[in-house]
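**Q** Chains as they are written, first to last, in the numbering used here: chain A, 67 to 391; chain B, 55 to 351.
If you're looking for bench data, these hints aren't it; they were derived computationally from the structure. Ideal Cβ placement from N, Cα and C applies to all residues, glycine included. Keep in mind that a hint or two might mislead.
Which residues of chain B face chain A? A few of them, derived with a C-beta cut under 8 Å, are [said to hold, decoys possible]: (1) 143; (2) 149; (3) 150; (4) 154; (5) 157; (6) 161; (7) 162; (8) 165; (9) 175; (10) 203; (11) 276; (12) 280; (13) 283; (14) 284; (15) 319; (16) 326.
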Amino acid sequence: MGYTDKLGNVRDTLRKPAVQSGLTFAVALIVVALVRNPYYVGILVFLGINVIITIGLSLLMGYAGQISLGQAAFYGIGAYTTGILTTRFGFPIYLSLPIAILFTVTIAFLVGVPTLRLKGHYLAMATLGLGEIVHIVFNELSSLTGGPSGFGSIPLIRIFSVKLDNDTRYYIFVWAIVALVLFIALNIIHSRIGRALKAIHKEERTAATLGVHTARLKQMIFAISAGFAGLAGFLYAHYVTFLSPGTFSLHFSILLVTMVAVGGIEHIWGAVIGTVVLTILPEYLRFFKDFDILIYGIILMAIMLLRPEGLYGIKIPIQRKGVHG
Amino acid sequence: MNLGVQLLQYTLSGITIGSIYAMVAIGFNIIYNATGIINLAQGDFVMLGGMLAVYLHNTLGLPLVLAGPAAALITAIIGLLFERFAFHPLKNPSVITLIIITIAASILFKGGAMFIWGKDAYILPSFSGDKPIHFFGATILPQTLWILGTLIFVFAALMVFFRFTIVGKAMKACAYNRQAARIVGINVNRMVLFSFGLSAFIGGIAGVVVTPIALVSYDRGALLGLKGFGTAIFGGLGNMGGAVVAGLIIGLLEAYAAGLISSGYKDAVALIILLIVLFFKPGGIFGRKEEQLLKAF
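Generate coordinates for the entire structure from the input sequences, incorporating the hints supplied.
**A** Structure (structure tokens):
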């Protein structure tokens with residue numbers, strides 16, 4: 067067996083979804099062993115939560131070729147559903163989790179089914195509209211949501227006898243779920259559905275003539291991406307234990323799209339890279355606090371004009387085009 | 055105040071705000087017709103128009119007669135630069151890239167406005183005083199008449215432009231069929247550039263006339279843009295007359311909802327209409343559904 071064969075074997079192993087997500091979890095564990103400061107661990111918890119949303123968004127943008135400007139709304143629906151069920155109706159968390167995800171997916175389905183039947187990017191505008199409506203409902207339905215000032219004392223998660231009451235424990239829990247989400251997403255990409263999606267993205271009409279049900283696949287991916295966002299909302303609610311509408315604004319939806327676009331919409335790891343960069347970067351730009359919007363705008367515009375394929379793979383010129391994915 | 059007078063009052067304020075939505079929708083339509091894309095920064099042109107007018111009048115002390123048109127013109131120049139620097143250099147971009155670029159522009163305009171003018175909300179003085187006009191028991195602010203008049207003027211000017219000028223006819227040809235327009239010698243690239251300038255100009259005008267009755271701040275564009283898009287879809291994407299009718303209907307429904315139901319949910323009205331139209335009649339009130347199924351942006 068020659069050297070190239072061995073290298074090929076290593077590469078094949080590395081491409082397996084289980085291996086990739088396992089390695090991600092391992093890296094996450096090493097990182098938390100190195101980072102001692104609980105403040106930074108907290109940021110890395112949010113990074114994990116954001117990564118769960120952007121992996122879903124990347125499936126939608128990169129593989130189904132559609133944009134959602136309402137991911138923050140799905141994130142919020144997931145968070146508010148579990149928050150309201152556990153605090154006001156005394157639901158146990160193991161019940162509120164599936165309900166939160168199911169409810170988010172249902173709403174996504176209601177919006178996605180009609181708009182994804184249309185050609186073009188009407189989903190972008192429909193989700194933008196949905197995002198604003200959800201934001202208004204969070205603000206106005208004060209009897210349930212506490213209105214603009216929000217509500218708190220959402221219970222912590224307990225797994226058997228372990229209560230997830232410190233940052234490190236929650237970090238491990240969140241990153242285990244990140245690994246799971248990554249595993250699901252990579253499996254979707256490597257499946258028949260993933261290949262069909264890639265065909266849609268390249269040549270929708272050709273894909274349709276070959277028997278790919280384009281609208282249904284797009285609707286499915288959109289529902290999955292919303293489900294991931296709802297799951298992330300669940301994780302957010304039981305970590306912060308307090309919810310208010312400001313977290314789930316249009317601003318955050320746009321930031322999520324920016325993360326995916328900056329990292330590279332063509333590949334799922336691009337979304338991860340973009341999320342890491344745009345979650346960690348603001349911590350170093352503290353003195354720009356009020357100008358963060360301007361800086362995000364400049365970064366996004368620069369990437370789209372200079373390198374529309376995103377940051378992914380920027381430093382590996384040896385790699386042939388088309389090897390990955 | 056009895057119910058009739060109240061309804062009249064709501065109607066008047068609905069027409070006012072509806073005129074603004076109509077102008078935003080017309081801006082969407084102009085760029086859509088020339089390029090086939092939806093400019094998500096459209097609402098920010100309105101914000102820029104208002105902000106620039108406030109800056110020119112309140113800070114630099116220019117009289118309103120000069121500050122207003124100058125603000126709209128500067129907004130138009132920003133629109134032209136936007137096209138030149140962000141759209142023109144692209145070679146065979148995908149639609150998703152184009153949409154993200156308009157999002158980037160929207161963030162840039164917003165961020166730039168906040169960088170220059172901060173987070174405060176500003177107001178312009180009314181064009182001809184604040185003495186209310188009484189009208190069957192209801193009151194109209196003179197600015198309302200200015201807004202309505204501006205919409206009528208903009209619409210009429212556009213009709214003349216598209217029907218009787220060579221540039222306008224060329225732009226219309228591009229809207230029908232870009233390939234064919236290029237074959238008969240129309241410079242399509244220049245028409246795209248014009249469309250951004252014109253669209254930003256109209257957005258800027260809307261911003262100038264609305265700022266005396268509604269405060270302007272750096273983040274005002276997003277919601278206005280979204281409602282304007284709802285209006286454009288409702289009236290049929292690309293249809294100017296449809297935009298005016300749809301704008302007035304949405305403005306009226308919003309005003310009635312605010313007055314009779316709850317002011318908190320007022321902003322949801324236009325968005326719910328947007329969703330309903332997208333779901334059931336994507337071609338808009340004047341379009342056919344089959345037509346819209348073929349349109350991409």
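**Q** Are the hints correct? Go through all of them and say.
**A** Hints and how they fare:
| no. | hint | in the structure |
| --- | --- | --- |
| 1 | 143 | 7 Å, holds |
| 2 | 149 | 6 Å, holds |
| 3 | 150 | 6 Å, holds |
| 4 | 154 | 5 Å, holds |
| 5 | 157 | 6 Å, holds |
| 6 | 161 | 4 Å, holds |
| 7 | 162 | 4 Å, holds |
| 8 | 165 | 3 Å, holds |
| 9 | 175 | 16 Å, violated |
| 10 | 203 | 30 Å, violated |
| 11 | 276 | 6 Å, holds |
| 12 | 280 | 6 Å, holds |
| 13 | 283 | 6 Å, holds |
| 14 | 284 | 7 Å, holds |
| 15 | 319 | 6 Å, holds |
| 16 | 326 | 7 Å, holds |
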